[in-house]
Amino acid sequence: MIAQRLGLAAMRSATKPNAFFSQNIPRMVLASAMSTSQARLISTEKLTPEQGQQILVKQRLDRPVSPNLGIYKMEQTWFGASAWTRITGCALSGAAYVYFTAYLASPLLGFHIESAALASGFAALPFVVKGAIKFALAFPFTFHFINGIKHLVYDLGIGFAKKQITRGEIALWVSSILGGGYLAFGL
Amino acid sequence: MASIMRSSVLRQTALAAKPAFRNNAVKAAAFHSSAQRSAILPPGPQRIEGTVNDPVPIPNPSAVDGSYHWTFERLLAAGLVPLSIAPFAAGSLNPTTDAILCSAVLLHSHIGFQSVVIDYIPKRTYPGLRKFFWWGLNLATVTVGVGLYEFETNDVGVTEAIKRIWKA
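Line by line, the protein sequences are chains A and B.
Quick note on my numbering: the first sequence kicks off at 155 and runs consecutively.
Quick note on my numbering: the second sequence kicks off at 35 and runs consecutively.
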């Protein structure tokens, strides 16, 4: 930006006429020259509508991006429950979409992903891996489930006080992590 | 002659001697550039319909797009709360409950994915991509629906399958 300012200032002073340059020129000439050599700092340019449109498009690309995720506090955007409800929901539904599409195509592709094969394959895994896979499914479920209920309560117009929101957020994270852990390791 | 000259000489001298003019130019330059912030989602290609002076078009008010859709979404979500607990809590296998649960989850997922597509692929900026994802999602949902039907008829059912794998 500073470079640009310097450039602009230099440009402006270059176009500015110097009052002391023409001291020795006869006064008449000086006068006539001066009256026509006014500094025109703004020059206009003929543009076609298409060129104008292109300039507009270029200007719009330089505008601030909204919502600009980089400018908010970490906890307000990155741990916002609403966003994570969407993320967890998409993860679960995405997994289900992938599985059932694969199930439909499995006779053609020769996969064995029917429930019996999956159950026997899953049983062969060590306890920690089983628990981790279960937690990876159970935590998104509990989070989406609990915050889904919280949002249904919000939709009734209840619970919008700042204190309630903060407490609800903490309760949500604690209960969903504990709930996910119970579903993964307790059952 | 002196009077012709005086005004222009004065003007030129004043122009050269006045530092305020230059300061203003520098101040103005500050408005012409904005500092670049790194954006996680950079702006897409700019499509400007008409001229800048055209008003923003007002979308057709439709209850089906708006309030009915919203209410249906909430009813479905609220209905899923008991539906997703009941079969596991009851511990019994009921094909009808299972089918209702599967259809409700499928619809809920479809509506959820639809809102994701609406939010992140704006029609104004990416009309082609929007259409592609919209119809791709419809195709995926129909495929998954058929897959679910196959699973329900040929396998043990979703509730029972989850239970068996979970206890494996």
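Calculated from the structure, these hints are not laboratory results.
Be aware that one or more of the hints could be misleading.
[To be verified] Each computed DSSO-like pair below joins lysine-lysine, with the alpha-carbon atoms no more than 27 Å apart:
1) K316/A <-> K227/A
2) K197/B <-> K284/A
3) K212/A <-> K200/A
4) K212/A <-> K197/B
5) K317/A <-> K304/A
6) K157/B <-> K284/A
7) K304/A <-> K288/A
8) K227/A <-> K304/A
9) K288/A <-> K157/B
10) K212/A <-> K157/B
11) K316/A <-> K304/A
12) K288/A <-> K197/B
13) K227/A <-> K284/A
[To be verified] A short, non-exhaustive set of chain B residues, derived as facing chain A with CB atoms under 10 Å:
14) D153
15) I155
16) I199
All figures in this text were calculated on a predicted structure; none of them were measured in a lab.
Yeah, the Cβ is synthetic: ideal placement off N, Cα and C, and Gly gets one too.
The hints, checked one at a time:
1. Simply put, K316/A and K227/A have alpha-carbon atoms about 16 Å apart, close enough for the 27 Å limit, and the pair holds.
2. Taken as a hint, the K197/B and K284/A pair is honoured in the structure, with Cα atoms around 14 Å apart against an allowance of 27 Å.
3. Annotation: proposed proximity of K212/A to K200/A holds, straight-line Cα distance about 18 Å (limit 27 Å).
4. At most 27 Å may separate the alpha-carbon atoms for a hinted pair to count; K212/A and K197/B exceed this at roughly 57 Å.
5. Straight-line distance between C-alpha atoms of K317/A and K304/A comes to about 15 Å, which keeps the hinted pair within the 27 Å bound.
6. Using a Cα cut-off of 27 Å, the hinted pair K157/B and K284/A is violated, with the two alpha carbons roughly 43 Å apart.
7. Distance restraint check for K304/A and K288/A: the Cα-Cα separation of roughly 24 Å lies within the 27 Å cut-off, and the hinted pair is therefore satisfied.
8. With a C-alpha separation of about 23 Å, the suggested pairing of K227/A with K304/A holds against the 27 Å cut-off.
9. The straight-line distance between the Cα atoms of K288/A and K157/B is roughly 38 Å, outside the 27 Å bound, and the hint therefore fails.
10. Between K212/A and K157/B, the direct Cα distance comes to roughly 20 Å. Compliance with the 27 Å bound is thereby established for this hinted pair.
11. As the CA atoms of K316/A and K304/A are separated by approximately 15 Å, the hinted pair is consistent with the 27 Å bound.
12. About 12 Å separates the Cα atoms of K288/A and K197/B, which keeps this hinted pair within 27 Å; it holds.
13. Of the pairs offered as hints, the one joining K227/A and K284/A is violated, with about 36 Å between alpha carbons and a cut-off of 27 Å exceeded.
14. For D153/B, the interface hint holds, the least distance from its beta-carbon to any beta-carbon of chain A being 9 Å, beneath 10 Å.
15. Because the beta carbon of I155/B sits about 14 Å from the nearest beta carbon in chain A, more than 10 Å, this interface hint is broken.
16. About 5 Å separates the beta-carbon of I199/B from the nearest beta-carbon of chain A, less than 10 Å, and the hint is met.
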